[in-house]
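So the protein sequences, as listed, match chains S and C.
Going letter by letter, the first sequence gives residues 18 to 309 in my numbering.
Going letter by letter, the second sequence gives residues 2 to 722 in my numbering.
The set of hints was computed from the structure by calculation and includes no laboratory data.
Interface residues of chain S toward chain C, partial, derived using beta-carbon atoms under 7 angstroms:
| id | residue |
| --- | --- |
| 1 | PRO89 |
| 2 | PRO124 |
| 3 | GLN164 |
| 4 | PRO173 |
All C-beta atoms in this analysis are idealised placements derived from N, C-alpha and C, irrespective of residue type, glycine included.
Here are the chains, one letter per residue:
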Amino acid sequence: MHKARTFQDLILTLQNYWAKQGCVILQPYDVEMGAGTFHPATTLRSLGPRDWRAAYVQPSRRPSDGRYGENPNRLQHYYQFQVILKPAPKDVLDLYLGSVREIGLDPAIHDIRFVEDDWESPTLGAWGLGWEVWCDGMEITQFTYFQQVGGFDCDPVSAEITYGLERLAMYVQDVEFVYDLAYNDRFRYGEVFHQSEREFSTYNFEKSDSEMLFRHFADAEKECGALVAAKLALPAYDQCIKASHCFNLLDARGVISVTERAAYIGRVRALAKACCETWLESPMGAYEPRYG
Amino acid sequence: MPEFLLELFSEEIPARMQPAAAKDLERLVVGALSDQMLLFESIKSFSGPRRLTLVIGGLPAQQKDVEEERKGPRVNAPENAIEGFLRSAGVTLDQCVKENDGKGEFYVARIKREGRATADVLAAILPETLGKLPWPKSMRWPGSPVRWVRPLHAIVATLDGEVVPFSFAGVDSGQTTYGHRFLSKGPIEVRRYEDYAKKLHDAHVIVDAAERKEIIRNAVVNGAFALGLEPVPDEGLLDEVTGLAEWPVVLFGKIDDAFMDLPPEILRTTMRTHQKYFALRKPGETGLANRFALVSNMVASDGGKEIVSGNERVLRPRLSDAKFFWDQDKKRRLESRVVDLKKSVFHAHAGTMHDRAGRIALIAMLIADILGNDVVKAGRAGLLAKADLTSSLVGEFPELQGIMGSYYADHDGEDDEVVDAIRDHYRPLGPSDRAPSSQTSIAVALADKIDSLVALWRAGEKPTGSKDPFALRRAGLGVIRVVLENNLRLPLWIVLEADEAVTSDRKHSWSTRFADALESPVLLKGIASDLQARIRESPLEFDTEDIDEILDFLAERLKVVLRDKGVRHDLIDAVFYLRRDSDLVRVVACVEGLQAFLKTDDGANLLAGYRRAVNILKIEEKKDGHAFDGEPDPKLLQAPEEIALFKEMAEARELIAAELQRERFTEAMTVMARLRGPVDAFFDKVTVNAPEPELRKNRLLLLSRLRATLHLVADFSKIEG
Chain S
18 MHKARTFQDL
28 ILTLQNYWAK
38 QGCVILQPYD
48 VEMGAGTFHP
58 ATTLRSLGPR
68 DWRAAYVQPS
78 RRPSDGRYGE
88 NPNRLQHYYQ
98 FQVILKPAPK
108 DVLDLYLGSV
118 REIGLDPAIH
128 DIRFVEDDWE
138 SPTLGAWGLG
148 WEVWCDGMEI
158 TQFTYFQQVG
168 GFDCDPVSAE
178 ITYGLERLAM
188 YVQDVEFVYD
198 LAYNDRFRYG
208 EVFHQSEREF
218 STYNFEKSDS
228 EMLFRHFADA
238 EKECGALVAA
248 KLALPAYDQC
258 IKASHCFNLL
268 DARGVISVTE
278 RAAYIGRVRA
288 LAKACCETWL
298 ESPMGAYEPR
308 YG
Chain C
2 MPEFLLELFS
12 EEIPARMQPA
22 AAKDLERLVV
32 GALSDQMLLF
42 ESIKSFSGPR
52 RLTLVIGGLP
62 AQQKDVEEER
72 KGPRVNAPEN
82 AIEGFLRSAG
92 VTLDQCVKEN
102 DGKGEFYVAR
112 IKREGRATAD
122 VLAAILPETL
132 GKLPWPKSMR
142 WPGSPVRWVR
152 PLHAIVATLD
162 GEVVPFSFAG
172 VDSGQTTYGH
182 RFLSKGPIEV
192 RRYEDYAKKL
202 HDAHVIVDAA
212 ERKEIIRNAV
222 VNGAFALGLE
232 PVPDEGLLDE
242 VTGLAEWPVV
252 LFGKIDDAFM
262 DLPPEILRTT
272 MRTHQKYFAL
282 RKPGETGLAN
292 RFALVSNMVA
302 SDGGKEIVSG
312 NERVLRPRLS
322 DAKFFWDQDK
332 KRRLESRVVD
342 LKKSVFHAHA
352 GTMHDRAGRI
362 ALIAMLIADI
372 LGNDVVKAGR
382 AGLLAKADLT
392 SSLVGEFPEL
402 QGIMGSYYAD
412 HDGEDDEVVD
422 AIRDHYRPLG
432 PSDRAPSSQT
442 SIAVALADKI
452 DSLVALWRAG
462 EKPTGSKDPF
472 ALRRAGLGVI
482 RVVLENNLRL
492 PLWIVLEADE
502 AVTSDRKHSW
512 STRFADALES
522 PVLLKGIASD
532 LQARIRESPL
542 EFDTEDIDEI
552 LDFLAERLKV
562 VLRDKGVRHD
572 LIDAVFYLRR
582 DSDLVRVVAC
592 VEGLQAFLKT
602 DDGANLLAGY
612 RRAVNILKIE
622 EKKDGHAFDG
632 EPDPKLLQAP
642 EEIALFKEMA
652 EARELIAAEL
662 QRERFTEAMT
672 VMARLRGPVD
682 AFFDKVTVNA
692 PEPELRKNRL
702 LLLSRLRATL
712 HLVADFSKIE
722 G
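Okay, chain S solo, but in the shape it has when bound (with noise of 0.2 angstroms):
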């Protein structure tokens, strides 16, 4: 069995495998986010009556989880590769262990085991019922079938499939110290992101400046609302994004209390939820074909 040894091995391997199985292989998004479910590929094209498959890698940023460089597991940046496939065929489930096979996990020497985890998306106003995939007790995939996404259902249900990349590798690569990775034959992840998780850490906790970062949530809230009106789906989704990601830094800054907290992610969801109508309403989401 191959086994992919590097980071970029184990990128390239699941790309390999679901482009394999008819999905259009994405680039990340250009717009910061927590997680590769926020990735419009997903998050809009997972509404509306339309088959799809997409595969692609997303930077998540979790400003929050920064630690300086200095946890050996914890990245406030780290990748997601994320596969979307609707409707949810019937043998996904068989599907997804032929990429865990592909990837170098053998079933017959390792415990693989679906553990309920129903995932939910409060900001997205999004939720689906699933499980965290685990190997050895250690979680390698989040999957998750769509129910709903931003307060509208899923219908076809899709299939969500979210592998946490370095997390993956480091159980594959046996190593401890995520900066220990091998990226390829040449570089080691450090060398690539241990500068950048040092100085994002300092500036998600200690320099960003609230004030600018709260009046580009509201900048990002209104204008997510004008481009709604204007029934622009994906320009006002890309807003919504933008609001979302201000609010995680506001609060790993930590100047969000815990009940402004529910305020806020309940506005991020407000103009979710917007997004999606409009999506639904778009050529690519109605469920009335407009042209095409």
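Go by the hints and put chain C onto chain S.
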């Protein structure tokens, strides 16, 4: 007699839902069968990660024939009514007979139904029956018209070895199932439970959860024993892992020595929450051993080497996170974290957690003072109780709140009572958990819950319907349990109003004084005693609608608590609403006395007499347009029975008041019981509505006295039945 075998094979069912699902399946199918008059000899249900199984033994091959009569419309009913009846009964007019019920003739249809084959009945009823299975959470998926917990892939349904054909969730039933996800290959054909269980066993699936659970229990215990250890009992975890493996294989891993100086709660919580491992210890010791037991679902070709080393590898970063937090957290005194609470908002309209810590300290002191306990310790523990929320470890494992605080406090050399109170103030955590019982813990536990109630109530978060986002019902229940389980003689209204006073803008002077005193235990203590004195002196100044509502809310909670003990809820209404007594111990004692009294003959009769009196009063008061209230004139008493009642009541009133004063409720009831004779005699012999207006008025006043006398004890009008 035929056996019915049903298996619903799906993607992995959440462990926590499996046992209930099997029971629900059994209940629903039994119900549907009995609706169809199909009796059976035995039934068993099983659950596992990927399947629910039901085996019903001793079914008949078909239903019995039945003859049924159905009553139809009158013979002279409109034609379309008669036709409609015939259609719905599936008969023709000549299959009906005419009968007479005394009011006229009507049709009766005689419907003969031949028993259908059991297989046909099953095929007909199963789709609907299965659709009723109440999953706590269910989902849609492509191709299924119904919701299920996870996508369903196959249904085995055989009766006496033959397929019972039906379709459910887009799946046709058959006799094909599948074995272990990784330890078996291809479909498996089954006919009966016997070969089903055997073939699945060969395919590495143990169908019966009870069997899997015992396999795991024994393997953990025996494996631990071989290492000179024993597992820390954890039935919940055992149940959970039973639902996570079709073929459980227990393996043992080692905890890195670098983590062994962590508190056992941290080790155990990390292993349990994140990894579902069993913690092990040396028999008789409280600390943990450096081993854990894990339950895999795999017979690995390398004997489990990879699995163990993988799990050990996963645990290390988990524990190193925890250790990092633990070391970081200990670098600061817990006390120094109190001020950090300023940064976290408790509620937008109820201040920060820092304000809350101050209020908890203040209220804990007040409670300790009323109960005659150590005020200083209560205040100290109250102030520190929430400080661990700012520690990184609690940020990581919220379930360790309180526990970590007590470790840090102990590390800082705080008093033992304070350390215990920090740990225990969240208790009782659930129905099976005890309320804290040491003095300081009691004060802080109550203060915590009371402050939640008052502050969040004021902030408009009172529970409504199914909505209770801040778990105020649980807080209310907690207050009641702490009070009752410790038999605390505590006038809750004083405590509630004190808390309200310092959160409220209306009592500006108190809230300002409180805000200034927040940092200083001495000042807080001063406020606690001043507030208490002031509230006792002029309660009206402090009484607000919120406090009234919270007391009502607590009374409602009290009903729930006492209902489980068989206490009637109407009696709580009768006792509580009379004086709005916030001393719950006293309320309960009085309610219990009342309940016992009403069970006696005297009690039941006196209640009847009371009702008669109140009814008369109501009617006459309405007639006259004013209430009767006041002392009857002794000079106007004529009949010996009314004189006797007057005398007995006058005496009883003093005695009852005196017994109530001493909280001797049984004795008070005994005095009340003595009124039964005179009351009965009065109603027997005396006409209340005498023709002479002054006599009538006097007798009505006598009845109003009776009402007032009984109301000394309880509001008898609230008593039902």
